[in-house]
Amino acid sequence: MHSDLEIKEILDVVGLYCPTPLVLTMEKMQELENGDILRIDADDPMALEDIPSWAKKNGHKFLKVISNNGVYKIYIKK
Amino acid sequence: MAVDIEKLKAGGFIAQVEKDLFSLRVRIPCGNVTSSQIRLLSDISEKYGRGYLHITVRQGFEIPHIHITNIDKVAKILEEYGLFMGACGARVRVVVSCQGSLLCTDGIEDSPSLAKALDKAYYGQWGLPHKFKMGVSGCPNACSKPQENDLGFVGVGEPVLLEREKEECTACGLCVNICPGKAITLVDDKPVIDRTKCFKDLKCVRVCPQNALKIKNMGWDIYIGGKFGKKPQLGVILKTLVSDDCAIEIAGGVIEGFKKYAKGRERLGDIVERLGVDAFRS
Chain C
1 MHSDLEIKEI
11 LDVVGLYCPT
21 PLVLTMEKMQ
31 ELENGDILRI
41 DADDPMALED
51 IPSWAKKNGH
61 KFLKVISNNG
71 VYKIYIKK
Chain V
1 MAVDIEKLKA
11 GGFIAQVEKD
21 LFSLRVRIPC
31 GNVTSSQIRL
41 LSDISEKYGR
51 GYLHITVRQG
61 FEIPHIHITN
71 IDKVAKILEE
81 YGLFMGACGA
91 RVRVVVSCQG
101 SLLCTDGIED
111 SPSLAKALDK
121 AYYGQWGLPH
131 KFKMGVSGCP
141 NACSKPQEND
151 LGFVGVGEPV
161 LLEREKEECT
171 ACGLCVNICP
181 GKAITLVDDK
191 PVIDRTKCFK
201 DLKCVRVCPQ
211 NALKIKNMGW
221 DIYIGGKFGK
231 KPQLGVILKT
241 LVSDDCAIEI
251 AGGVIEGFKK
261 YAKGRERLGD
271 IVERLGVDAF
281 RS
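In order, the protein sequence lines correspond to chains C and V.
Those letters in the first sequence? Residues 1 to 78, by this note's numbering.
Those letters in the second sequence? Residues 1 to 282, by this note's numbering.
Treat the hints with caution; some may be incorrect.
[Stated by the list, open to error] BS3-like cross-link-like pairs, simulated, lysine-lysine; straight-line CA separation at most 25 angstroms:
{"no.": "1", "chain 1": "C", "residue 1": "Lys73", "chain 2": "V", "residue 2": "Lys182"}
{"no.": "2", "chain 1": "V", "residue 1": "Lys47", "chain 2": "V", "residue 2": "Lys73"}
{"no.": "3", "chain 1": "C", "residue 1": "Lys56", "chain 2": "V", "residue 2": "Lys166"}
{"no.": "4", "chain 1": "V", "residue 1": "Lys216", "chain 2": "C", "residue 2": "Lys56"}
{"no.": "5", "chain 1": "V", "residue 1": "Lys216", "chain 2": "V", "residue 2": "Lys182"}
{"no.": "6", "chain 1": "V", "residue 1": "Lys214", "chain 2": "C", "residue 2": "Lys61"}
{"no.": "7", "chain 1": "C", "residue 1": "Lys8", "chain 2": "C", "residue 2": "Lys78"}
{"no.": "8", "chain 1": "V", "residue 1": "Lys230", "chain 2": "V", "residue 2": "Lys263"}
{"no.": "9", "chain 1": "C", "residue 1": "Lys64", "chain 2": "V", "residue 2": "Lys190"}
{"no.": "10", "chain 1": "C", "residue 1": "Lys57", "chain 2": "V", "residue 2": "Lys166"}
{"no.": "11", "chain 1": "V", "residue 1": "Lys131", "chain 2": "V", "residue 2": "Lys263"}
{"no.": "12", "chain 1": "V", "residue 1": "Lys166", "chain 2": "C", "residue 2": "Lys61"}
{"no.": "13", "chain 1": "V", "residue 1": "Lys182", "chain 2": "V", "residue 2": "Lys239"}
{"no.": "14", "chain 1": "C", "residue 1": "Lys64", "chain 2": "V", "residue 2": "Lys214"}
{"no.": "15", "chain 1": "V", "residue 1": "Lys166", "chain 2": "C", "residue 2": "Lys64"}
{"no.": "16", "chain 1": "V", "residue 1": "Lys76", "chain 2": "V", "residue 2": "Lys19"}
{"no.": "17", "chain 1": "C", "residue 1": "Lys77", "chain 2": "V", "residue 2": "Lys214"}
{"no.": "18", "chain 1": "V", "residue 1": "Lys216", "chain 2": "V", "residue 2": "Lys166"}
{"no.": "19", "chain 1": "C", "residue 1": "Lys77", "chain 2": "V", "residue 2": "Lys190"}
{"no.": "20", "chain 1": "V", "residue 1": "Lys239", "chain 2": "V", "residue 2": "Lys259"}
{"no.": "21", "chain 1": "V", "residue 1": "Lys182", "chain 2": "C", "residue 2": "Lys64"}
{"no.": "22", "chain 1": "C", "residue 1": "Lys56", "chain 2": "V", "residue 2": "Lys190"}
Simulated from the structure, these hints should not be mistaken for lab results.
Since this is a predicted model, take the numbers as computed values, not measurements.
So here's chain C without its partners, still in its complex pose (with noise of 0.2 angstroms):
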């Protein structure tokens, strides 16, 4: 599933804690379109809580989360 994935953009925020990947995952996805996808690189665990749900209730559509190393591959259509 979702194995052909048009990403836009990517957000690198690995080695940044809670809040900080959500806020800029907010700023990016100002800047996309609608239907653009992106992919949001974290080492944060708390990305997994808080950028799913800020997108639940804003109305963006949470793709899927692949995890390696460490860092989780969060993907997220505007």
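Position chain V against the provided structure of chain C, taking the given hints into account.
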């Protein structure tokens, strides 16, 4: 000097090092104090104490340096504002609690409401072998440290993926990655929950972007025999996923068991260690 000895015995007045001075313990169930109450405490400390308050470990206040001749007067003023003395000695102590699910985003159960019900049912009860403390936490984060109490209550819930919700699940992997117990794996692109690893914190349900994971049931996990002091130990699980009413009833049963099984001045944790948890499971 008009000192009500019975009132003194009821507790709340802690003798200080200095002669005739007492630290006055005010009970604040769940640690919620109104602005007018805290203003009153400040005023009393300035008028009858030395202008400061001590915050107790069990979410209350003590007003230090109250002279023995002022105790009755101060107690009366407090009562007018709905404040009462805290218990000392071999009694059921004030119930501590976190803020619970009505306020905390991690909360599962309404901990202050159970704490108040327990407080109402058992607070101040005496004739016990030793002190008896209860603590309530709204979720397994256990911020109010319920496991260090004689009886601890932890709000928990079990997640489930119902057959009819299976189509909703997009196999996004969020529940798998967020689960603190690593209890979830994707089998044929659907989450499968290992109940033996599940912390029952419902994190997976809360984050599920599709609302596919649902709450199967909620309730209280009860821990028994926790204590601090010179030989600290954490409570062990007594019952899981019980309702509010059931939790209150179990607390009553445990207090009766505490009286029945104690050999002299003994904490509940020592009895549990001696007889095992099963003695309290009937």
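Evaluated hints:
1. Lys73(C) <-> Lys182(V): Holds. Lys73(C) to Lys182(V) sits at ~18 angstroms (cutoff 25 angstroms).
2. Lys47(V) <-> Lys73(V): Given that 25 angstroms is the threshold and the Cα spacing comes to 12 angstroms, the pair holds.
3. Lys56(C) <-> Lys166(V): The hint holds at about 19 angstroms.
4. Lys216(V) <-> Lys56(C): Roughly 22 angstroms separates the two Cα atoms, so the pair holds.
5. Lys216(V) <-> Lys182(V): Holds, at about 19 angstroms.
6. Lys214(V) <-> Lys61(C): Given pair Lys214(V), Lys61(C) holds - Cα atoms ~19 angstroms apart, limit 25 angstroms.
7. Lys8(C) <-> Lys78(C): 10 angstroms, holds
8. Lys230(V) <-> Lys263(V): 19 angstroms, holds
9. Lys64(C) <-> Lys190(V): 13 angstroms, holds
10. Lys57(C) <-> Lys166(V): 22 angstroms, holds
11. Lys131(V) <-> Lys263(V): Within the cut-off at roughly 14 angstroms; holds.
12. Lys166(V) <-> Lys61(C): Holds. Lys166(V) to Lys61(C) sits at ~18 angstroms (cutoff 25 angstroms).
13. Lys182(V) <-> Lys239(V): Cα-Cα ~23 angstroms, so holds.
14. Lys64(C) <-> Lys214(V): 19 angstroms, holds
15. Lys166(V) <-> Lys64(C): Distance ~16 angstroms between Lys166(V) and Lys64(C) Cα, so the pair holds.
16. Lys76(V) <-> Lys19(V): 23 angstroms, holds
17. Lys77(C) <-> Lys214(V): 24 angstroms, holds
18. Lys216(V) <-> Lys166(V): 15 angstroms, holds
19. Lys77(C) <-> Lys190(V): Roughly 22 angstroms between the alpha carbons, so the hint for Lys77(C) and Lys190(V) holds.
20. Lys239(V) <-> Lys259(V): With a Cα-Cα distance of about 20 angstroms, the restraint between Lys239(V) and Lys259(V) holds, given a limit of 25 angstroms.
21. Lys182(V) <-> Lys64(C): Cα-Cα ~17 angstroms, so holds.
22. Lys56(C) <-> Lys190(V): It holds: about 21 angstroms lies between the C-alpha atoms, which stays within 25 angstroms.
Hint violations for this structure: none, all hints satisfied.
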